[in-house]
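**Q** For reference, the chains in residue letters:
There are 4 protein chains.
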Amino acid sequence: MDREERRAQVLRHAKRIFARKGYHRTNVADIILRARIARGTFYLYFRNKREIFEVLLDQALRDLSERIRRIRMAADEPSPVDQLRANLGRVLEFVMMERELTDIVLNHAVGFDREIDARILEFYEQIAQKIQRSLDLGVQMGLVRQCDTHTVACCILGGVKEVVGQLSRRRRHDTDAIVEEILNFGLRGVARPELLVEHQPAGEVTGEGERLFHAAH
Amino acid sequence: MDREERRAQVLRHAKRIFARKGYHRTNVADIILRARIARGTFYLYFRNKREIFEVLLDQALRDLSERIRRIRMAADEPSPVDQLRANLGRVLEFVMMERELTDIVLNHAVGFDREIDARILEFYEQIAQKIQRSLDLGVQMGLVRQCDTHTVACCILGGVKEVVGQLSRRRRHDTDAIVEEILNFGLRGVARPELLVEHQPAGEVTGEGERLFHAAH
Amino acid sequence: MDREERRAQVLRHAKRIFARKGYHRTNVADIILRARIARGTFYLYFRNKREIFEVLLDQALRDLSERIRRIRMAADEPSPVDQLRANLGRVLEFVMMERELTDIVLNHAVGFDREIDARILEFYEQIAQKIQRSLDLGVQMGLVRQCDTHTVACCILGGVKEVVGQLSRRRRHDTDAIVEEILNFGLRGVARPELLVEHQPAGEVTGEGERLFHAAH
Amino acid sequence: MDREERRAQVLRHAKRIFARKGYHRTNVADIILRARIARGTFYLYFRNKREIFEVLLDQALRDLSERIRRIRMAADEPSPVDQLRANLGRVLEFVMMERELTDIVLNHAVGFDREIDARILEFYEQIAQKIQRSLDLGVQMGLVRQCDTHTVACCILGGVKEVVGQLSRRRRHDTDAIVEEILNFGLRGVARPELLVEHQPAGEVTGEGERLFHAAH
DNA sequence: GATGAATGAGGATTCATTCAT
DNA sequence: CATGAATGAATCCTCATTCAT
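From first to last, the protein sequence lines are chains D, A, L and C. Residues 576 to 792, numbered by my numbering, are exactly what the first sequence covers, in order. Residues 576 to 792, numbered by my numbering, are exactly what the second sequence covers, in order. Residues 576 to 792, numbered by my numbering, are exactly what the third sequence covers, in order. Residues 576 to 792, numbered by my numbering, are exactly what the fourth sequence covers, in order.
Since the hints were derived computationally from the structure, they do not count as laboratory data. Treat the hints loosely; a few may be bogus.
The list treats identical chains as interchangeable, and a pair is accepted whether it falls inside one copy or across any two copies.
[To be verified] Calculated pairs, DSBU-like style, for lysine-lysine (alpha carbon to alpha carbon, straight line, at most 35 Å):
id, residue 1, residue 2
1, Lys705, Lys624
2, Lys596, Lys624
3, Lys705, Lys596
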């Protein structure tokens, strides 16, 4: 077997175990047992237990980072809302595909080690900043109401994290609806209220979302 | 020294250490060193390392639970929004007072042990349910828009958790403003849009919040 | 409460616990719990855990020693067989009365500590010697057949120990019959054969024992 | 070094130490020091301290059990007395070869742990039963006098145990004579008296044994 | 490269004994 | 005398990592 292939195989097994038991309760013994390799072989591919965990973590963080793209306001881009929707969709797609990695990022990598803690914190910090910058832009453009964009960005990030945690735990697959629900909640939370209702008949409830989401066009 | 006093003293020290280093990296040696007691003395007050952690965790969960009260609709109660505000205020007050416990609940108690994991999950689950029930009630009363209240409840819970995490990390104290910010974001996210803007001049932004928050009166 | 009385009370409780769990598995905590005294009080009456055990052991060894009397051949003494019978009877009486002490002497005091091991070994050694001397005397008097009296003495001692162990474990009380049985077995094992059968009709079996036991008169 | 070889080596050292100091006073440190292995290596071969002790105990009990064979009455078998002699010989051979194991079975395994206590008790119980069954058979065949075979079996077992204990402590090697002595004592203790003396001249003492022992032919 | 036996530092827990009140 | 909180040495066991084959 090719070196990279074997390494990937070990990573695959480790991922499942770390996700299930967390870093501390996972032994090297667990990993080599599942990966069907010898103790020494493990150390041929990874410097130590910590490294294999970091590789997995980095992989997840990098992938997630790529899935969350900056909102662009160019004329040839989709509407900001559509860009948000696409971001959210990609994140949830990752979650559904990589439940184990999600679990690791979300739960098992905190309170672990100064350095790794810091790395995760920084990752979330970056996302929060991306969100905050988008909000600031929205305010400038008259789409987002005046608010403490830092706190609101946290709220949004936290909301997504919590829903993501739920999803990774449950076997639900109706991600599109959930994306819509989060988007709806978040946008209403930040939108300037004038953009939400216009000449709307009392009973009609479902249609409004669509209007909001496309109001920026 | 009185028994309870001594026990509390040990707990106090353990709390700081667990918060800083997490359960696994904290030794009994660390705790007894800080608490200035002998090895055996520790085991006089706690069956084992796990127990002292559980005591701290339970203490936090119980305290937090008490701070989050069910929204009541009786005539002699404050408005629902005021009740929400009070809940949030009490939670943030706890966070500021008990940064270490907050840290433990938020970060260090997950991926630890099936049983403790389950206990924390259940705690959050209960809060999510409280939120969801409030939302359901709001929908019935025509205050909250039609939505997937489960997902939205998750979003709200997650938002609060994230902000709380931020707060426990930083030395900020403007909690009242933050409470207001979260409330504002959350309420707008769920309120029926008609309740948000009524005959409002375009420029006026700040006044609208107040109206919303007291709309239920 | 009087000092000696209290000491005796603690000893009584310790005896039961040592018998049931042995020295090593018995904690000072067990003893003070049962005796309803404080930790420090224990050390007021006994230097340490070992001492209380030794007191019990010595008590048992001394009592037993007194119950096993040297066989005397004076004209005004009962027959040697009756003296043996009386010895055995007294030993079994002790066993039935002091099951716990018996248990301690028999089982829980070996492999414990060089010194205590030696003391017990010496005790048994002394009894074996008493038996051996009696046998030697019997040989001289023409009652006992030629044999390796040391080995035979061991056999006899061991036989009694084993039966005693059985008795202390079970709730049987027919000690007299057992005394007779042991005596019968042992005497036949050592008696000169001529003394066992004399002009005896083939079928008669039960009577012979009596003749043997009183043959020395 | 081969796995089994290494394991055996550790067992060999542990055997000596357990025999000398007993279970409780023996540390794992003692064992690994003697066996010249690292702490962890010990736990590679044995789950814990208790297990290595049990392995040794079981080994002894199994070996001993195999050395004590049921007395068979078939025409092509040696005489019952010869079978007894062979059994005794094999037991004493074991004792001389495996003094340490003998010591463990005899002394260091009692009052240790409910389960192990029970196992040893059961072992002796089984031997006692074997003896008792042989006695019952002897009674049926008219070789053994009427008696409480249970008690007598205990006497015989105890006698052997005591002699065995003596042997394992001392450096004697004249086992054949001792076997003969025990046999002689035991057989006389149980034999029907008519079988012991027949037309025997007064002075002749040594010959009688032979006759008895071969009477069953 | 692959193996897995060996290592030993590290950490949790117990319990006999002391001593201030 | 009596108490029981405090002590800390002793001991078992785990597990990440190394290294000779």
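**Q** A separate judgement is required for each hint: does it hold in the structure or not?
**A** Structure-based check of each hint:
Proximity of lysine 705 to lysine 624 under the C-alpha cut-off of 35 Å is restricted to the intra-copy arrangement: shortest distance 32 Å within a copy versus 41 Å between copies. Taking identical chains as interchangeable, the C-alpha atoms of lysine 596 and lysine 624 lie at most 35 Å apart whether they share a chain (14 Å) or sit on different chains (19 Å). With identical chains, the CA atoms of lysine 705 and lysine 596 are at most 35 Å apart both within one copy (32 Å) and between copies (29 Å).
Checked against the numbered hints given earlier, the structure satisfies every one of them.
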